[in-house]
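Enquirer: Each chain, written out:
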Amino acid sequence: MSKFLKFTASIVLLGAAWATNANAQDADAGEKVFRKCAACHAVGEGAKNKVGPELNEIFGRVAGSLEDFKYSKAMTKAGEEGLVWDHDSLTEYLAKPRDYVKGTKMAFAGLKKDDEIANVIAYLATFSESAEQAAAEPESAPASEPVETASAAEPALNAADAVIPEHGVYHLGREALPEEIAAWDIDVRPDGVGLPVGSGTVADGGVLYDENCAVCHGVFGEGEGRWPVLSGGFDTLTADRPVKTIGSYWPFASTIFDYVHRAMPFGNARSLSADQTYAITAYLLYLNDIVTEEDFELSNETFSEISLPNEENFYPDDRLEEANFATNVEPCMENCGDGPAEIVMRARILDVTPDGDEENGAGGID
Amino acid sequence: MSKQTQKDKNFVPSRRSFLQGGLTAAGGAAVAAIGGGAALAAGTPDPAITELKDWNQYSGPGVDAAPYGVPSPFEAHVVRRDVPWLTADPISSINFTPLHELDGIITPNGLCFERHHSGVAEVDPAEHRLMINGLVDKPLVFTMQDLMRFPRENRVYFLECAANSGMEWRGAQLNGCQFTHGMLHNVMYTGVRLRTLLEEAGVKPSGKWILAEGADASGMGRSIPIEKALDDCLVAFKMNGEALRPEQGYPVRLCVPGWEGNMWVKWLRRIEVGDKPWQLREETSKYTDLMPDGRARRFTWAMDVKSVITNPSPQAPITHGRGHTIITGVAWSGHGKIKRVDVSIDGGRNWQHARIDGPSLSRSLHRFYYEFNWDGSPLYLQSRAIDEQGYVQPTKDALRAARGDNSIYHNNGIQTWYLKSNGEAENVEVS
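Note that the protein sequences, when read in sequence, are chains A and B. Each residue of the first sequence is one higher than the one before, starting from 192 at the first, in the numbering used here. Each residue of the second sequence is one higher than the one before, starting from 18 at the first, in the numbering used here.
By construction, these hints were calculated from the structure, which means they are not laboratory data. In this text, all values refer to a predicted model and were calculated from it rather than measured experimentally. Ideal Cβ positions, reconstructed from N, Cα and C, are used throughout, including at glycine. Warning: the hint list may mix true and false statements.
[Said to hold, decoys possible] Chain A stretches covered by chain B per the calculated footprint, using a threshold of three residues with CB under 8 Å from any CB of chain B:
| no. | region |
| --- | --- |
| 1 | 228-242 |
| 2 | 361-369 |
| 3 | 437-450 |
| 4 | 503-511 |
[What the hints assert, rightly or not] Pairwise CB distance ranges (calculated):
| no. | chain 1 | residue 1 | chain 2 | residue 2 | range |
| --- | --- | --- | --- | --- | --- |
| 5 | A | P500 | B | A415 | 54 to 60 Å |
| 6 | A | D480 | B | R312 | 20 to 26 Å |
| 7 | B | A418 | A | E521 | 18 to 24 Å |
| 8 | A | S464 | B | R187 | 39 to 45 Å |
| 9 | A | T267 | B | G79 | 54 to 60 Å |
| 10 | A | V253 | B | D120 | 53 to 59 Å |
| 11 | A | E283 | B | S76 | 56 to 62 Å |
| 12 | B | S223 | A | R365 | 21 to 27 Å |
| 13 | B | P242 | A | E402 | 38 to 44 Å |
Using the sequences and the hints given, assemble the complete structure.
Expert: What follows is the structure, encoded as structure tokens:
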């Protein structure tokens, strides 16, 4: 009996030591956290460098050492000075990347929660052999997942006790509470309906933009790779290759605020406050020469002063007016066209059909 | 069937193998294997018959080998494929339905093309809610269980991305109907009429538009006029009989029959009723159609009458030589049923009626066949659909004359495949 107790205690101690060391890590939870990283980083089989370097075998890797990735000078230097990625260095780096390696081009602001950091590191460790070995011994026996044989739904109370609401036809659902509507209803219309109270200046927006947006959209909104171009493109809408930006194409400034607030930065949506969103919107207007002063402050009160130059050039769908849409025409069935058909264009000339090679075609659809 | 032939079934044609090198070793083997079967000297027994096969001798796996069944390993090449250069990143990207591998009208769930704007949201149905707010008598919240207590209906609808064939505006570019036409699927949905849910909340007379919004990290949102919302829109939770796939909006999506796929909001979590459109990103900076004069059409919702020959096509060459040959394809229209499909084998000079087989449903794919005796000469294959409104699928040149090269969306022009004497097909345009 005493022997058994001793044995159990040592297991618990080992487990506790491991838990301290690894912060009760959970690689599965870390996989979800990694979604915040996945816009820029790939990990796993076949992972390639994207905006950021691939993260296979990150444990034990010297910082800034992948030969085929272009790091910031700061990151290369950190590696030369001895920074090697391990559990501790990753923990510090992921909490505040730009404090830990000043000058890193990783725009991510950092993970705020300790358990998120621990979990994402545990997840990354599953793609690093050295880390896997270190972790191999002490893990306490995981509880096996129960196999569910049927729906886990709790049986209802006594059916007769269910309260039937009075609204509607079928009396289903319940009234939405004002706090619930406020939590989800963040859309903004061109007439300003939906704008939250707040403000931000062009200058503030510039700082936020460099931190959160420039990595994909470029320092001046010119777009990196195939990420959307946000500025410029003026007078190109009739050109062979139009450049459709906020300044050259978008009809409404409210769309900028709405989209940034609901969906940006990519992979970390809804992380910007109303003030930050006003500031970034102001900066994007500045990048497009819609506003010209760095101290311009965009707010729910000044928003109605803004209009975009291309607004008037949108008109309702009039496809049905095209000759193509005539409905009383029986198409030609015999001896149509002039002479036999001849090839005037072939895919093999411009062919960009994917077959494993890196190739670029003309005209994306994003 | 020899092992060689089985292996060849996994062979995926690439443009290099079919267009640059002519018949490659693998392609040649496929032809030889099939041709060889036919060309066995008269009286030589076929080993596919005379040799004892493993599957004829040994027992196979038992009933529980695959609790959720998967296709035969010989069908491993039948998958969605993407075009990496189209978009910046696979998290906001698209892949394509392998139309050339399918028949009938229904697209299997695992092959329905995907388009996400911030990846696939993994939504726990127990924590999913659908809210209706805005200009209604009483804003409501529904759980999934609530939704499933409303009267349901089953409807088959096609979903086509407005950008389907969008890469072909400047001319033939992609070799394969999967890539030229594969932003398309056709599914039977089970769900509740959006009208039923809106009536439960009570739409105020000032309510002229709805906003449909998703729960994913792109917060996908589109404005839809109330007339459409109260007409045939469906709030669907099943596809082809089973729960929606995560990549198709599990646990619940909106169906907007006949209208562009971007409006079919996935992971649907909110319907707001308003008096004006919201002009969100996907209906201003995207999904607006730039015309040659620099102006742009907006709210171009309906998907026009369209068809494509799926077999033969660049990914599906003819390997049997001349003789009795089947041309097949799909036709669809956002304006209703397909009334007729015509097929031309001479680049549009002469047309024959194709045979439509299978269900003919409004705003659903129709399957057509054209059977003929191929003499082995090169052909220019085209199909042309006409819908019940009388709209006729136009030529690509007619579309360009009206819209120029830069409108990206709504390219429903007639597709031409150049069928060569060796059975290969290539994406071309003809005079």
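Enquirer: Run every hint past the structure and note whether it holds.
Expert: Structure-based check of each hint:
{"no.": "1", "hint": "228-242", "result": "holds (count 3)"}
{"no.": "2", "hint": "361-369", "result": "holds (count 6)"}
{"no.": "3", "hint": "437-450", "result": "holds (count 9)"}
{"no.": "4", "hint": "503-511", "result": "holds (count 7)"}
{"no.": "5", "hint": "P500/A x A415/B: 54 to 60 Å", "result": "violated (32 Å)"}
{"no.": "6", "hint": "D480/A x R312/B: 20 to 26 Å", "result": "holds (21 Å)"}
{"no.": "7", "hint": "A418/B x E521/A: 18 to 24 Å", "result": "holds (21 Å)"}
{"no.": "8", "hint": "S464/A x R187/B: 39 to 45 Å", "result": "holds (43 Å)"}
{"no.": "9", "hint": "T267/A x G79/B: 54 to 60 Å", "result": "holds (58 Å)"}
{"no.": "10", "hint": "V253/A x D120/B: 53 to 59 Å", "result": "holds (55 Å)"}
{"no.": "11", "hint": "E283/A x S76/B: 56 to 62 Å", "result": "holds (59 Å)"}
{"no.": "12", "hint": "S223/B x R365/A: 21 to 27 Å", "result": "holds (24 Å)"}
{"no.": "13", "hint": "P242/B x E402/A: 38 to 44 Å", "result": "holds (40 Å)"}
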